[in-house]
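With the hints as extra help, turn the sequences into a complete structure.
There are 2 protein chains.
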Amino acid sequence: MVKYNRGLDATFQALADPTRRAIVSALARGQASVSQLARPHRMSLPAVMKHLRVLERAGLVTQRKLGRTRRCRLAARPLKRAEAWIAQYRAFWETQFDSLDRYLAQNPKEEPKWPKSK
Amino acid sequence: MVKYNRGLDATFQALADPTRRAIVSALARGQASVSQLARPHRMSLPAVMKHLRVLERAGLVTQRKLGRTRRCRLAARPLKRAEAWIAQYRAFWETQFDSLDRYLAQNPKEEPKWPKSK
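If you read the sequences in order, they're chains H and Y. Per the numbering used here, residue 1099 is the first one in the first sequence, and the count goes up by one each step. Per the numbering used here, residue 1099 is the first one in the second sequence, and the count goes up by one each step.
Please note: incorrect hints may appear among the correct ones.
Unchecked claim - Here are the simulated lysine-lysine pairs, DSBU-like style, with alpha carbons at most 30 Å apart:
1. Y:1163 / Y:1178
2. Y:1178 / H:1178
3. Y:1178 / Y:1148
4. H:1148 / Y:1148
5. H:1163 / H:1148
6. H:1178 / H:1163
To be verified - Some chain H residues well away from chain Y (every beta-carbon gap over 10 Å; in silico):
7. 1107
8. 1134
9. 1138
10. 1139
11. 1142
12. 1149
13. 1155
14. 1168
15. 1194
16. 1200
17. 1202
Quick caveat, the hints were computed from the structure, so don't treat them as lab data. Backbone N, C-alpha and C fix where the C-beta goes; we use that ideal spot for every residue, glycine too.
Dropping the structure here:
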């Protein structure tokens, strides 16, 4: 986990923006040119290219020249690592939701309070 | 997905820092006071409290007063949502790794090149 810290910083930073997440979603469906990526957002090409640079620095997107256009594609590894980092805590959130369910089942008319510590 | 966009912005932003991720890890093991959280990082209390405020704004941490100390605890929901967002692309990265494995099996002496589009 530790050795990917710098990568995780850049990955989570890149994903902390709805346009960049939409670009990730679009590229998960297949490679695209910068203008294809810009179209649904009604953004200028320079604005989209700025977002693409953030995604590239995080290793989430790679670009290559094909004739006169640049094709962008999504890279799998940073997404997989980010998901693996969060998924470590799946046991935690499943336990927390179970505790809340139990509490609500036992106290159906009360407002939920701070659940007990594990 | 869309209705959680603002929440996802804040969650990913909060996770884009190694100290805040370490706080999340510590709190997944149980509630802690601010000074308990500060200890392993050799940071001043104000510095840790600044990170805690970012985590609180993202809904990842809640605090309550217990006597003279403040206890922090991790909230499950934002972590679960962030994991769910990334996990949508699991099929994408699994396909990409499979393609790379196939390519390397067929071309064992070559350097991997840009894999084919799906």
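Here is how each hint holds up against the structure:
For the proposed pair residue 1163 (chain Y) and residue 1178 (chain Y), the alpha carbon gap of about 26 Å is at most 30 Å, so the pair holds. Taking the CA atoms of residue 1178 (chain Y) and residue 1178 (chain H), the gap is near 15 Å; set against the 30 Å cutoff, the hint holds. Between the alpha carbons of residue 1178 (chain Y) and residue 1148 (chain Y) the distance comes to roughly 24 Å, so the proposed pair stays at or under 30 Å and holds. Of the pairs offered as hints, the one joining residue 1148 (chain H) and residue 1148 (chain Y) holds, with about 29 Å between alpha carbons and a cut-off of 30 Å not exceeded.
Of the supplied pair hints, the one linking residue 1163 (chain H) and residue 1148 (chain H) holds, its CA atoms being roughly 17 Å apart against a limit of 30 Å. Taken as a hint, the residue 1178 (chain H) and residue 1163 (chain H) pair is honoured in the structure, with Cα atoms around 26 Å apart against an allowance of 30 Å. At roughly 5 Å from the closest C-beta of chain Y, the C-beta of residue 1107 (chain H) falls inside 10 Å, breaking its exclusion from the interface. With 10 Å as the threshold on Cβ separation, the claim that residue 1134 (chain H) sits away from chain Y holds: the shortest Cβ distance comes to roughly 13 Å.
No Cβ of chain Y comes within 10 Å of the Cβ of residue 1138 (chain H); the nearest lies about 13 Å off, and the non-interface call holds. Non-interface call for residue 1139 (chain H) relative to chain Y: holds, since the shortest CB-CB distance, roughly 13 Å, exceeds 10 Å. No beta-carbon of chain Y comes within 10 Å of the beta-carbon of residue 1142 (chain H); the shortest separation is about 21 Å. No Cβ of chain Y approaches the Cβ of residue 1149 (chain H) within 10 Å, the least distance being about 13 Å, so the stated non-interface status holds.
Against chain Y, the non-interface label of residue 1155 (chain H) holds: every CB pair exceeds 10 Å, the least being about 13 Å. Its beta-carbon lying about 13 Å from the closest one in chain Y, residue 1168 (chain H) satisfies the requirement of being farther than 10 Å from that chain. Once the 10 Å rule is applied to beta carbons, residue 1194 (chain H) is inconsistent with being away from chain Y; the minimum gap is 4 Å. Even its closest Cβ contact with chain Y, about 14 Å, leaves residue 1200 (chain H) beyond 10 Å, as expected for a residue assigned away from the interface.
No beta-carbon of chain Y is positioned within 10 Å of the beta-carbon of residue 1202 (chain H); the least distance is around 15 Å.
When held up to the earlier numbered hints, the structure conflicts with 7 and 15 and fits the remainder.
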